[in-house]
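Asker: For the protein sequence lines, the chains are A and B, in the order given. Under numbering that gives the first Met the number 0, the first residue of the first sequence is numbered 0, with each subsequent residue one higher. Under numbering that gives the first Met the number 0, the first residue of the second sequence is numbered 0, with each subsequent residue one higher.
FYI, nobody ran anything at the bench for these hints, they're computed from the structure. We put the beta carbon where it would ideally sit given N, CA and C, even for glycine. Among the clues, some could well be false.
Stated by the list, open to error - Simulated pairs of lysine to any residue, SDA-like, Cα-Cα distance not exceeding 20 Å:
#1 B:155 <-> A:59
#2 B:155 <-> A:62
#3 A:76 <-> A:218
#4 B:155 <-> A:58
#5 B:155 <-> A:55
#6 A:228 <-> A:169
#7 A:76 <-> A:114
What the hints assert, rightly or not - Facing chain B, from chain A, some residues (calculated, C-beta under 7 Å):
#8 54
#9 58
#10 96
To be verified - A few chain A residues that don't get close to chain B, going by computed Cβ distances all over 12 Å:
#11 178
#12 191
#13 196
Here are the chains, one letter per residue:
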Amino acid sequence: MRIFDPHIHMTSRTTDDYEAMAAAGVRAVVEPAFWLGQPRTTVGSFVDYFNSLIGWERFRAAQFGIRHHCAIGLNPKEANDDHLREEVLRLLPRYLAKDGVVAVGEVGFDSMTRAEEEAIEAQLQLALEHDLPVLVHTPHRDKLEGTLRTLRLIERAGLSPDRVLIDHNNELTVGPVSESGCWMGFTIYPFTKMDEHRMVRILEEFGTERILINSAADWGISDPLKVVKTVGAMRAAGFDEAGIERVVWHNPVEFFGQSGRLELGEVEADRGATFHGNSVLRGERRS
Amino acid sequence: MKQYTTDELWGALRERAPAEGVAWLEGEARAASSDPGVLASAFPAVGRMVGRGVLDPGEDPDSLHAWRVEDAGRAVLLVAAGERVAGGLPELYRYGDAAERRGILRSLYLLPVGRSAVPLVEDAVRTNDTRLIAAALGPYAFRHLDDAALAQAVLKCVFLEVPISPLLDIGLGERIGPEMARMLAGYVHERVAAGRDVPSEVWFVIERFPPRRELDAIAAELDHPVEERRRAARRALAHSELLRRRSNANL
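Next comes chain A alone, as it looks inside the complex:
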């Protein structure tokens, strides 16, 4: 089974992880820009981080046969630093123009401040200008309210919901996000967020359309094989292979394919480059 982990912070992971992921079938990842566990204090740290996402990390992944893409954005925590927010927002257009940048993100709320809202609104506009989909982080605390408020901002910005992935959903947020028409992301974590078995129950209730599963593995307690483990839980619960593949491969390919910048190369070659009549590579792969 080919697996696409649509949200994983490989910068924080070791080559052992890459090796285990490749062995388990992970062929493609998206690494959204996020915070690093402690706040950065200068815009130069962001430049180096973004450069690593579009250069070094892609190179590391390629050593293991994994296609690495990224999303570029200003995360909510650091958006609260006024000086930094302005500088990083000015920097973003440069990076949103790069190859392999398949979305704006992660954007969203953390403490639901006015500064966070400003950063979200500015980045939704950048997504429109750069014709990129958006990856939205939903808050750890006051999650339902934060999610609903995010959905209102998206509507107000005039973004089409099929260009937006709302991430880190749970049993309470999945309903409203499903109704909004946005894509639904679920983060499978060892202790928090969502686990494999709860995920299976959600899939049984909501089906496999517009749903993406990720490990969001980073520098905290997390597991880069959680998507693989959820595949196992789906099989055990009786999902057929086509349904599983839709969730762990075709859905992320379809969502991020809207950027026109997914580079799946030989990973897709054996299956043809179209899915549901859409070229997932959008004519961009000319080499």
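Starting from the known structure of chain A, arrange chain B on it as the hints suggest.
Answerer: Just chain B, lined up with the frame of chain A:
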């Protein structure tokens, strides 16, 4: 390893890139000749517009030294910017992704930048990204790096398994010195003592200025009590006529 002229790059682009990509590139090149500032927006898009495969279809598609179609596209844009290109290069490089940086590094010998781009070459050689290291070691680096820096760069290639034989086409042969030969021989000894292999192409460097102490040390490994080391020494020896002759007594 080919050293294209700008005209040859345009010729190869017209053969290898889609017509609309070439037309786009011609437009951007015209724009860059009057305002080099347009490079900032054109540069990231080059791969998407002209393609990313090897420029010469006869080249190994995985070769780290082969020009890519997008490298050629970026090279002609930089050349089009003319004398003013030097001022914008540091920023293009600083904010460039790996492909943009590779394009800049590969183009340097075609640009009127004097020594001003040496820091970019040094930066690339400090990375562990083999694509950048290979692209940095072009005719520009051979013109501007001193012997010590070039020897370090060649050793780094061997260490990261970037082939060095293609560098013979751009003058590696004339730049081999005793220090480069000593460093590579020392590396061979270190690998043999670890029971490991080195690429056979190190020997054309080592044999130009045979470093006695290091070669004796490698030869002594043939009698080492640890079998792995003896075996590694025999494998290393198989690639060196010189070492075989020196070790005749041991065989």
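Asker: Next step is simple, just say for each hint if it's right about the structure.
Answerer: Verification of the supplied hints:
For the proposed pair residue 155 of chain B and residue 59 of chain A, the alpha carbon gap of about 18 Å is at most 20 Å, so the pair holds. A distance of roughly 18 Å separates the Cα atoms of residue 155 of chain B and residue 62 of chain A; the hinted pair therefore holds under the 20 Å criterion. Only pairs whose Cα atoms come within 20 Å are accepted, and residue 76 of chain A paired with residue 218 of chain A is accepted, the gap being roughly 16 Å. With a C-alpha separation of about 17 Å, the suggested pair residue 155 of chain B and residue 58 of chain A falls inside the 20 Å cut-off, and the hint holds.
For the suggested pair residue 155 of chain B and residue 55 of chain A, the alpha carbons sit about 17 Å apart, so the restraint of at most 20 Å is met. Taken as a hint, the residue 228 of chain A and residue 169 of chain A pair is honoured in the structure, with Cα atoms around 18 Å apart against an allowance of 20 Å. Between residue 76 of chain A and residue 114 of chain A the alpha-carbon distance is near 10 Å, which keeps this suggested pair within the 20 Å criterion. With its C-beta approaching chain B no nearer than about 4 Å, residue 54 of chain A sits inside the 7 Å limit, and its interface hint holds.
Hint status for residue 58 of chain A relative to chain B: holds, with the closest Cβ pair at about 5 Å, below 7 Å. Satisfaction of the interface hint for residue 96 of chain A is found here, the shortest Cβ-Cβ separation to chain B being roughly 4 Å, below the 7 Å cut-off. Every CB of chain B lies more than 12 Å from the CB of residue 178 of chain A, the least distance being 36 Å, so the non-interface label holds. Interface exclusion of residue 191 of chain A from chain B stands, the closest Cβ pair being 33 Å apart, more than 12 Å.
Under the 12 Å C-beta cut-off, the non-interface status given to residue 196 of chain A relative to chain B holds; the minimum distance is some 40 Å.
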